Amino acid sequence: MLALDAVAAEATGVPVEDADQENVMAVLDVQARKWLGISGAEFLSAWRAGDYNGGDDAKLGRLVSTALLLS
Amino acid sequence: MAGRTPADAVAAFMHPIQEAASVLGPCKVTGAGEFRSPRVGHEYSWSLNDGAGIKGRNAHGVTGVRDFYASMSWRVVPDDRDGYGPFRVTTTRYDYSLILDDGEVWAFHWHPEGRSDVVYPHVHFGSPVLASTSPITSKAHPPTGRMTLEQTIRWVLESGGTSPFHDWPERLALAEAPHLLYRSWTQNRPREASPSGD
Chain U
205 MLALDAVAAE ATGVPVEDAD QENVMAVLDV QARKWLGISG AEFLSAWRAG DYNGGDDAKL
265 GRLVSTALLL S
Chain X
1357 MAGRTPADAV AAFMHPIQEA ASVLGPCKVT GAGEFRSPRV GHEYSWSLND GAGIKGRNAH
1417 GVTGVRDFYA SMSWRVVPDD RDGYGPFRVT TTRYDYSLIL DDGEVWAFHW HPEGRSDVVY
1477 PHVHFGSPVL ASTSPITSKA HPPTGRMTLE QTIRWVLESG GTSPFHDWPE RLALAEAPHL
1537 LYRSWTQNRP REASPSGD
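Those protein sequences? They're chains U and X, same order as listed.
205 is the number of the first residue of the first sequence in the numbering used here; add one for each residue after it.
1357 is the number of the first residue of the second sequence in the numbering used here; add one for each residue after it.
Keep in mind that the hints were calculated from the coordinates and are not lab data.
The structure presented is a predicted model; accordingly, all values stated were derived computationally and were not measured.
Treat the hints with caution; some may be incorrect.
[To be verified] In silico lysine-lysine, BS3-like type, Cα no more than 30 Å apart, as pairs:
no. : chain 1 : residue 1 : chain 2 : residue 2
1   : U       : LYS263    : U       : LYS238
2   : X       : LYS1411   : X       : LYS1495
3   : X       : LYS1411   : U       : LYS238
4   : X       : LYS1495   : U       : LYS263
5   : U       : LYS238    : X       : LYS1495
6   : U       : LYS263    : X       : LYS1411
Using the sequences provided together with the hints, build the complete structure.
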C-alpha cells in the first residue's frame, strides 16, 4: 500500500487495495447473469469485441466498471 | 490532486475518495493494474469492493436492499502550473449508481472517451422513481453538470441511506473541498482540454 494512502486507510478505515481478480470475475458473473442474462465470461468477450459500442444504460455502466478492474 | 511524483499524486487523489466512501461504512477502494506506480498518461480504474459496490439496507424500517456502486477511471498527467503539479490525477470517467431491490433509483455517468455517443455528464433514472406519466424515460440522458463522489453519497443518504457518522455532512464537505478548488470544469469538459485537462 502507498505510504500516504496507508495513512488515509488508518484514518478512514477504507483501504486502497489491488482488485482481487478472481473475486472481480465472480462479481462480474453474478452481475452479468442478473442484468443481462449471460455469463460474466460471455459479457467480457462481447464487450472486448466491441459489441456494446454506442450503448449507455445504468446496468451496462456497472458491468463495464467491474470489467475495467480485470487486468 | 497534485504530487511530487506520480505515486504521490495517486495517493493525494485517493485520500478524499477514502474519506468520502467511509461515510457509508466499511468498504475498500479496489484498483486495477499497476496504479500504485502509475505510468504517466496510462488510464487506470477503481471501484468499490471489487465492483460489488456497498450493500445496504433501507433506513426507516423499509425492507429491501439498496446497493451503491461507484467507479472512476483516471490518468496521471504532468502539470507545471503553480500548485497543480508537477504531477496530478485527472479523471476520465465516472459511474455512480444506487439500486433499490432490482431497479435503478439513479445512475450518474460521465464517459467522454468511452464507446457511447453521450459525452456530457448525465443521469439515468429508473423505474423506482419514474411515474408512468413521466416525460423522462430510463433511456433519457438529462445533463447534470459534473457530479462528485461526495455529492452522489449525499444523494444516497437523502434517499434513505445511513451513515455511521453523525457528522457526515462535514466529512463529505472536507473530502470534496480540494476537488472543488482545483477542478477546471463544472458543466462539461472543454473539448480542447481532452485528454490531459481536468
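Okay, the hints, checked on the actual structure:
About 10 Å separates the Cα atoms of LYS263/U and LYS238/U, which keeps this hinted pair within 30 Å; it holds. A C-alpha spacing of about 25 Å is found between LYS1411/X and LYS1495/X, which places the hinted pair at or below 30 Å, so the restraint holds. For the proposed pair LYS1411/X and LYS238/U, the alpha carbon gap of about 16 Å is at most 30 Å, so the pair holds. With a C-alpha separation of about 12 Å, the suggested pairing of LYS1495/X with LYS263/U holds against the 30 Å cut-off.
Distance check on the hinted pair: LYS238/U and LYS1495/X sit about 19 Å apart at the alpha-carbon level, within 30 Å; holds. About 16 Å separates the Cα atoms of LYS263/U and LYS1411/X, which keeps this hinted pair within 30 Å; it holds.
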